[in-house]
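*Asks:* Sequence:
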Amino acid sequence: MTGPFAAAVSEHPLATQATGEVVGEVLEKLDGVPDLAVLFVTGPHRGVLEDIASTVLQLLAPGTLVGATAVSVLAGPQEVEEVPAVSLWAGRIGPTSARHLDLVEQGEGYALVGVSDEDLDAAGAAILIADPAFPTDAVIDALHASHPHLMVAGGVASAGGGPGMNRLVLDDRLHDRGAVLVLLDRDLPVEVVVSQGCSPIGRPLTVTRSERNMLLELAGRPALDRLQETLAELDDAGRSAAASGLHLGRVVDEHLLDFGMGDFLVRNVLGADQSNGAVAIGDLVEVGSTVQFHVRDAASADTELRQLLDERHGESALVFTCNGRGIRLFGEPDHDASIIAETLGTNAVAGMFCAGEVGPVGGRSFLHGFTAVTVIFRSPPSLRFLG
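Taking numbering that gives the first Met the number 0, the leading residue of the sequence shown gets 0, the next gets one more, and so forth.
Certain hints may be false.
[Stated by the list, open to error] Label pairs and their computed distance ranges (CB to CB):
(1) G19 with E190: 30 to 36 Å
(2) G287 with S239: 28 to 34 Å
(3) V286 with A236: 15 to 21 Å
(4) Q306 with A137: 43 to 49 Å
What the hints contain is simulated information worked out from the structure, not anything from laboratory work. In this text, a Cβ means the ideal position worked out from N, Cα and C, and glycines have one as well.
Let's have the full structure, built from the sequences with the hints guiding it.
*Replies:* Here you go:
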């Protein structure tokens with residue numbers, strides 16, 4: 000049975016064979032010519048990525064092709080970690096365009112090069128795939144400042160951490176710096192689920208004194224005292240989780256009356272100062288913000304992903320999951336991919352393991368870590384009843 004979306008993965012060590020396998024499977028599953036194809040390859044295939052992309056362009060003929068190198072990839076319910084692999088996703092999603100981005104300093108900030116305001120005005124959402132040396136967080140901030148309506152999701156290439164160790168694909172060209180931005184039409188039904196792999200502990204507290212990333216007081220008392228109170232209320236399992244991953248969630252939308260899963264931007268707790276009771280956070284924290292301590296472990300990450308995906312519906316998904324998840328976190332293969340494919344009821348799922356993930360929390364996009372970002376697609380109305 001064919002449909003508007005398809006995905007495939009091959010672990011064949013020969014790039015030519017792997018490419019033939021994924022293209023052949025996608026052609027068998029896909030109904031028509033795709034508007035967008037997304038290609039992910041692991042490090043062993045980096046040197047022949049140009050040939051892989053050329054073959055995909057020739058045989059699949061997508062309107063736009065983008066891609067990246069990654070330490071691990073996924074497709075359907077399967078995750079292929081740290082071995083030779085090619086993953087390919089394709090979809091009939093209507094008008095789509097892509098741009099290669101760079102960033103230049105301008106005054107006290109940055110200016111985007113490679114995309115126009117007219118391009119961004121016409122888009123409803125965007126997929127961003129960046130090189131790890133690129134200031135992705137600055138790009139996200141610049142996009143939000145100029146086009147706050149634009150929902151941005153994606154990830155950072157992860158085949159290598161140094162300059163020039165990754166490749167980005169944009170149609171028939173490869174880039175070893177910058178980022179690729181895919182602009183999606185406003186009429187395309189897209190939903191983004193951001194699972195930060197954490198669960199809250201204690202209760203929400205208001206920041207009453209802070210200096211940049213140092214929490215000095217929470218609800219009128221030293222921040223370290225509040226943290227110790229929170230930890231003292233945990234059971235043994237909770238203390239064990241806190242010992243392996245303690246974090247702080249900051250509410251992004253303070254207009255909410257109640258705060259729950261998906262409302263917090265989660266950042267690391269970096270340390271504490273016994274002399275003044277301060278707690279250091281991997282984020283700037285302003286007085287008046289609402290925060291809550293969180294823990295991250297395999298059980299929390301599993302529960303949160305399942306709950307956030309519950310009752311979501313889609314025909315396909317692109318997944319950008321952290322390279323710190325997978326077997327390293329869950330102790331078993333295929334965790335995120337299998338849950339996403341099973342919950343959505345489709346094997347038209349593909350993605351990569353990232354060195355940073357991009358997705359919206361509280362109405363705006365951020366760069367995350369240890370996160371699984373799922374971009375859920377449905378056919379646009381104009382294509383829904385076409386053969």
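*Asks:* Can you tell me whether the CB distance of G19 to E190 sits inside 30 to 36 Å?
*Replies:* holds (33 Å)
*Asks:* Given the hint of 28 to 34 Å, check if G287 and S239 actually sit that far apart at their C-beta atoms.
*Replies:* Cβ of G287 to Cβ of S239: about 33 Å, so the range 28 to 34 Å holds.
*Asks:* Is 43 to 49 Å a correct range for the gap between the Cβ atoms of Q306 and A137?
*Replies:* With Cβ atoms ~32 Å apart, the hint is violated.
*Asks:* Is the gap between the beta carbons of V286 and A236 within 15 to 21 Å?
*Replies:* Cβ of V286 to Cβ of A236: about 34 Å, so the range 15 to 21 Å is violated.
Comparing the model with each numbered hint stated earlier shows that hints 3 and 4 do not hold.
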